[in-house]
Amino acid sequence: MVGILASVIDGVLVGSVYGLAAMGMTLIWGVMNVFNLAHGPIIMLGMFVLYLVATAFGLPPYAAIPATIIFGFFFGVVLYWIAVHRMIGRPELMSLLSTFAVNMILIGLGTALWTTSPYNVAVEMPGVTWQGYTFTGTHIVAAALAAVIAGLLYLLLYRTRIGKAIRAVANNREAAELSGIPTTQVLSFAFGLGVALAGVSGTLIATLFPFTVLSGEIYQLKSFVVTVLGGLGNPAGALMGGIALGLVEGLATPFMPVSWIPIVEFGLFVLCLIAFPRGIFFALKR
Amino acid sequence: MWRRAFPWVIASAALLYALVPYFTNDVQLRESLLLAAVYIILASNLNLVIGYAGYVNFGNIVFFGLGGYICLYLVNDLQWPMILAALTGAAGVSALALLFGLGILRLRGAFFALATIGVNAAIQQLVTNFEPWGGATGIYLAIDAYEPLGGPMQALWTTYLLIVGLMAASLLASYAIRNSKFGLGLIAIGENENAAAVLGVPTPLYKALIYSASAFLPAMVGGLYFFKSGIIEPGGAFSLRTSIETIVMVMLGGSGTIIGPALGAFLYEELRGYLLTAEAFSHFQLVIAGAFLLMIVMFVPGGLLGFVHRRWPRTRRWLE
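Chains as they are written, first to last, in the working numbering: chain A, 62 to 347; chain B, 43 to 362.
Keep in mind that a hint or two might mislead.
[What the hints assert, rightly or not] If you want the footprint, here are the derived chain B segments under chain A, 3+ residues with CB under 8 Å:
{"no.": "1", "region": "152-160"}
{"no.": "2", "region": "164-171"}
{"no.": "3", "region": "325-331"}
[What the hints assert, rightly or not] Far from chain B by the CB rule (all over 10 Å, computed), these chain A residues:
{"no.": "4", "residue": "L66"}
{"no.": "5", "residue": "I70"}
{"no.": "6", "residue": "V139"}
{"no.": "7", "residue": "V182"}
{"no.": "8", "residue": "Y215"}
{"no.": "9", "residue": "L216"}
{"no.": "10", "residue": "L269"}
Everything labelled a hint here was simulated from the structure, so no lab data went into it. Don't be surprised by glycine CBs; every beta carbon is placed ideally from N, CA and C.
Let the hints inform the model, and build the full structure from the sequences given.
Okay, structure coming up:
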């Protein structure tokens, strides 16, 4: 029993990092109706920021987090102007394809730079032992940092002027434009924010597990699952969805072989899309 | 349908496609053309869903992979003849698609696209864990599976000719559907689904039917292709990347047209072959393909054929 509880708690800790990744994706969807298919490679770039900061520059690993946020934001703004801006208001297929093109370019460059062999950054962090079960220190720190970043995003969206503008644009772009909000700047800002969130979640994931250039894809799929669980376009729901996914993973681990867990996840994903396309939390609220 | 010139053009082009490597006995050319033919089949069937009905199926490769698995299992473990096995696989996958389509086609736009990614991922994981199909290592075909077709050498030629036949069938089916009442209904759905429903198009039925129809030939060619390769494993059979590359091919040639997707598939495959073998580009093949896709999406969203049609409007009549 205690073993299951420990597994569930660990699942929730990791799940909050998934939630952070999904917040980036859902924020972009909510504001501009674009599914960012370059999400996975951006998570991967976040992982390699950790590798560069910790291994090449020899700085403490968690110094990578502010670096990823700043770098990710500017990278996102540039990406918006290159690949997304012209797709706003056109059929969804167009933005899906243009962001997927970015996905291919980033994976191609990543493979050329770092090959596809695994990397590991050892992060020293004392764990917490409880009833004979040890919770890894990095998992606890990652969950705490994810919670802090999610809190900061909340403050940005609900307590600042730019946050208000983002929410206005998400609600109704034409009306926002008419009220004098520079919507294009707001869209690029929101895209930068979403990319920064994806990147920083990659950095946090890299403190937990080894990674390769292709790891981003797995977390992109997980982000899809989480986004749908939490309701598209709803950042708070994404965090809860991430925790729910972590809960499912933690709960399932003691009972079935690890390789079966993705089947549960994707099965849940498709069922949830069909039954509750606006997210399970929305469905529960009614 | 045979009264117009277009079907005859397709049929004679396919005949040429089949005969050139056969009479020159050029094995390398045959392999390159075979791969292109596989992609032409995938792209033109995907076009039925994307170009006609306007639904983006990101997980289209699941038909190909599942068809391959069923065929190889039947040939290898139950000693079925290959053609019967491939047909059974195609029918099975098509039936499954109909069942699934009725569920996930209730979703629209990006939600549908996401669901198809989920279906592909779920089936890939399921197959990876399915021991009778070899789990993560997949199925290796025993060499004597080729005996009924006259040994491996002859079997390769037979599968090539069959695949070219399926390619012609795909294009003719695209043409026949496009010129039928069913096709008109689909195009109406693609233009505006609500309006189509109001005008009396049975949208849920049509969507499920085309989803299922677009599964049949890809599943069958999956059977033939993996029979030819002699090996199938989950990573290769359900590769999301290949799936999305197929969308690129459709877009490159011009979605919604008949020979556009085929042209796109052929060009993309040849381009990739060139990039992979050229010394300077082999590391950057993905980067170049990605940049290429970005250009198409931004500047020529109608694809090659869309561009030609706009530049020379008269070509619309005979180049479909």
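Violations among the numbered hints, reported as their numbers in ascending order: none
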